[in-house]
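From first to last, the protein sequence lines stand for chains A and B.
The letter at position 118 of the first sequence is residue 226 when you use this note's numbering, and the numbering goes up by one with no holes.
The letter at position 6 of the second sequence is residue 114 when you use this note's numbering, and the numbering goes up by one with no holes.
Hints were generated in silico from the structure; no laboratory data involved.
Do not take every clue at face value.
You can't tell identical chains apart in this list, so a pair holds if it fits in one copy or across any two.
For lysine to any residue, the following SDA-like pairs were computed, each having C-alpha atoms within a straight-line distance of at most 25 Å [what the hints assert, rightly or not]:
| no. | residue 1 | residue 2 |
| --- | --- | --- |
| 1 | K351 | E312 |
| 2 | K351 | G301 |
| 3 | K351 | Q300 |
| 4 | K351 | T132 |
| 5 | K231 | G395 |
| 6 | K351 | T370 |
| 7 | K351 | T131 |
| 8 | K351 | D306 |
| 9 | K368 | A357 |
| 10 | K351 | G135 |
| 11 | K212 | P348 |
| 12 | K212 | N200 |
| 13 | K351 | A311 |
| 14 | K368 | S206 |
| 15 | K405 | R429 |
| 16 | K399 | L346 |
There are 2 protein chains.
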Amino acid sequence: MVSTHVLLADEGVLTTIPIGSFTTEAGAEIASVDIAYQRWGEFRGSNVLLIEHALTGDSDVATWWCDLVGPGKALDTDSWCVIATNVLGGCNGSTGPSSDLDGKPYGSRFPAVSIRDQVEAEKRFLDVLGITEVHAVIGGSMGGARTLEWTLLYPEMLQAACVIAVSARASAWQIGIQSAQISAIERDPLWQGGDYYDGEYPAEGLAAARRIAHLTYRGEMEIDERFGTSAQAGENPLGPYRKLDQRFAVNSYLDYQGAKLTQRFDAGSYVTLTESLNRHDIGRGRGGLNKALASSKVPTMVVGVDTDILYPYHQQEHISRNLGNLLAMAKLSSPVGHDAFLVEGRQMDRILRNFIQQSLPYATESVDGVEYRLGDEYII
Amino acid sequence: MVSTHVLLADEGVLTTIPIGSFTTEAGAEIASVDIAYQRWGEFRGSNVLLIEHALTGDSDVATWWCDLVGPGKALDTDSWCVIATNVLGGCNGSTGPSSDLDGKPYGSRFPAVSIRDQVEAEKRFLDVLGITEVHAVIGGSMGGARTLEWTLLYPEMLQAACVIAVSARASAWQIGIQSAQISAIERDPLWQGGDYYDGEYPAEGLAAARRIAHLTYRGEMEIDERFGTSAQAGENPLGPYRKLDQRFAVNSYLDYQGAKLTQRFDAGSYVTLTESLNRHDIGRGRGGLNKALASSKVPTMVVGVDTDILYPYHQQEHISRNLGNLLAMAKLSSPVGHDAFLVEGRQMDRILRNFIQQSLPYATESVDGVEYRLGDEYII
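Just chain A, with the same shape it has in the complex:
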């Protein structure tokens, strides 16, 4: 097949592909879009696994899913060609608010981007590379939202999909808590309406947003078991006056999470991608949520976490109940909450091996003229 002659980036090397100008779902134009990606494993035409990262993730899936991506691992790069892009609107190689337009960063000129826009940009990226088939799209959280949209926008390109820890559309609660994060950034005086790139970085706003977000990414019992009401070492949060430098341990931990993000992530991208999640709704223009789900033709596995605050498990149950082609359902049992799909390596290993297994044609064996479906152990 022609497509096996596609020229791909060296293994693991972040590489940028220009896809030209881009018109968003809402009708804004981005003059020139680059999509950055990384690739692991040899490309053999029909062996692409497309991995979709979460909000502040990036294309380096061999790092953030290091237990799951690599030779012999669940997403086995000896067999599969794993490709991950940085999302449109991001800040890890792809075009986003911090990218240049006419010699200065987009800032407030960068439009709102929907989850569908993110998928369309990724599709264009595959077109440019000449990749026409994807064995499976796999993603969690915002990556799960993209995965769901993939199954509805380009089902003919996919053999299977694995949708993890997400909902079929933003819930009002999610929009509320996500908007609280956007608001934390917008109320930082350094934000300057998004055009802060000539001035100081709105680190306090972004850190505040991340602290809120992190409390939705982790299970409340897990955070409590780790920190409870403990004081940060050397600090006294119970003194006669409340002081910012006398903290409970959990606040020191959240401060750290916030500070860490400000060192690696653009506040503009954070607002843009969080807004994408607000706009996540697979039912839009498709006759509503359940009709959209029912119309899905791609065999899809749905994965959730029992303690997820941000995307509660009932939302994955809703997807699975209504999906037109449910492959399987899996639940991560973990105190960790939403982030379990990133940190529960052992459980995710089993789930993804099972997913890959089920995404393949059945292995059968003929005995005395009768065809038998074999157990999983025969296929691996």
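Please build the complex by placing chain B on the supplied structure of chain A, with the hints as guidance.
Structure of chain B alone, referenced to chain A:
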């Protein structure tokens, strides 16, 4: 009994009682403290029901629990003398950050106040009035925290307690989300470190705090059922650029909740009382949480809500499992979440009638010399 000659405020009239200077648990002094209160029903010595309001509540329990407090209602003011104070640190009559000290508001001079301080101030208030017995203390959320502390600080004064929708101590998650709210206020440039009373009101910070808080007060499915991804009427949240005045309906709702609070509540009190919740820990100085609970002698009913995000039901199960004298446990089944104890009037009516019932001595009847305990219907 002497105590029946106590002179109380006219029914329903907000009245202020000075209790003198006050030293907090952490060792700060408040020079002169007033405690405001309201009273309904005739005082007959041993018939006091002390109701503890939640964070931004006040002493007007006949309004905010209007289904439950009044003649013939569950907390029947024909039989009971219902007393509710405004909490120390509040802004509805009792001394708090917005109160005057030396001719100007305390502001940053107002110290941190613990839940125990709130109870101690209320005890001093009862002392000043000459009230020595309380039939029952009843409270939800922050009022539930005070109720729990009452049972440990002054068990000899109480016949019973009803602890609603709270935990035995702040969880790390609660501290985190509550601190995010404090941070939203502190990052408002108008806050001025708490000394904003000469300048403009930090309304944006307080509104942002309330928006976050409100998402922990309501069930996520209830909010979603009401708003989903709907646009606010006349606005388009899906336009080509994100705009603050083009909102999802849920954000309009949360904006309203935030704006409403800024019109009735002091930002300084909000920070002070939220910090009180951060410091809530009945185990402090009592050998830990479970020893403290086990030591409780007051017959206590524990009430929770099945969908409570802020104080998940397992926290009330924890209290009930460890309490030294558990009277009963009740669960509100409601999509509403934490606020269910304020809005599920019918369920709360049954629960509080049951609580009052169980707080009274058993009704018994002797038949042929054998004593039988009668069913509830005989006692009402």
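To see whether the hints hold, each was checked on the structure:
In this assembly of identical chains, the alpha carbons of K351 and E312 lie at most 25 Å apart whether taken from the same copy (17 Å) or from different copies (22 Å). In this assembly of identical chains, K351 and G301 lie within 25 Å of each other by CA distance solely across copies; the values are 11 Å between and 30 Å within a copy. Taking CA atoms no more than 25 Å apart as the test, K351 paired with Q300 passes between copies only; the shortest distance there is 14 Å, against 28 Å inside one copy. Taking the shortest Cα distances, K351 and T132 sit within 25 Å of each other only across copies (16 Å), while inside one copy they are farther apart (46 Å).
In this homomeric assembly, K231 and G395 come within 25 Å of each other (Cα to Cα) only inside a single copy, at 23 Å, whereas the closest approach across copies is 61 Å. With identical chains, the CA atoms of K351 and T370 are at most 25 Å apart both within one copy (23 Å) and between copies (24 Å). Taking CA atoms no more than 25 Å apart as the test, K351 paired with T131 passes between copies only; the shortest distance there is 19 Å, against 49 Å inside one copy. Within a single copy, K351 and D306 get their C-alpha atoms only as close as 32 Å, which misses the 25 Å cut-off; across copies the closest is 22 Å, which meets it.
Taking the closest pair of Cα atoms, K368 and A357 come within 25 Å of each other only inside a single copy of the chain (16 Å); across copies the shortest separation is 33 Å, beyond that limit. In the homo-oligomer, the alpha carbons of K351 and G135 lie at most 25 Å apart only across protomers (15 Å), although the nearest pairing inside one protomer, at 48 Å, exceeds that limit. For a Cα distance limit of 25 Å, the shortest separation of K212 from P348 across copies, 21 Å, qualifies, whereas the shortest one inside one copy, 49 Å, does not. In the homo-oligomer, the alpha carbons of K212 and N200 lie at most 25 Å apart inside one protomer (17 Å), although the nearest pairing across protomers, at 52 Å, exceeds that limit.
With identical chains, the CA atoms of K351 and A311 are at most 25 Å apart both within one copy (20 Å) and between copies (22 Å). Only within a single protomer do K368 and S206 lie at most 25 Å apart by alpha-carbon distance; the minimum there is 19 Å, versus 37 Å between protomers. For the homomeric pair K405 and R429, the shortest alpha-carbon distance inside one copy (14 Å) is at most 25 Å, but the shortest distance between copies (49 Å) is not. Taking the shortest alpha-carbon separations for K399 and L346, only the inter-copy value of 21 Å comes in at or below 25 Å, while the best intra-copy value is 54 Å.
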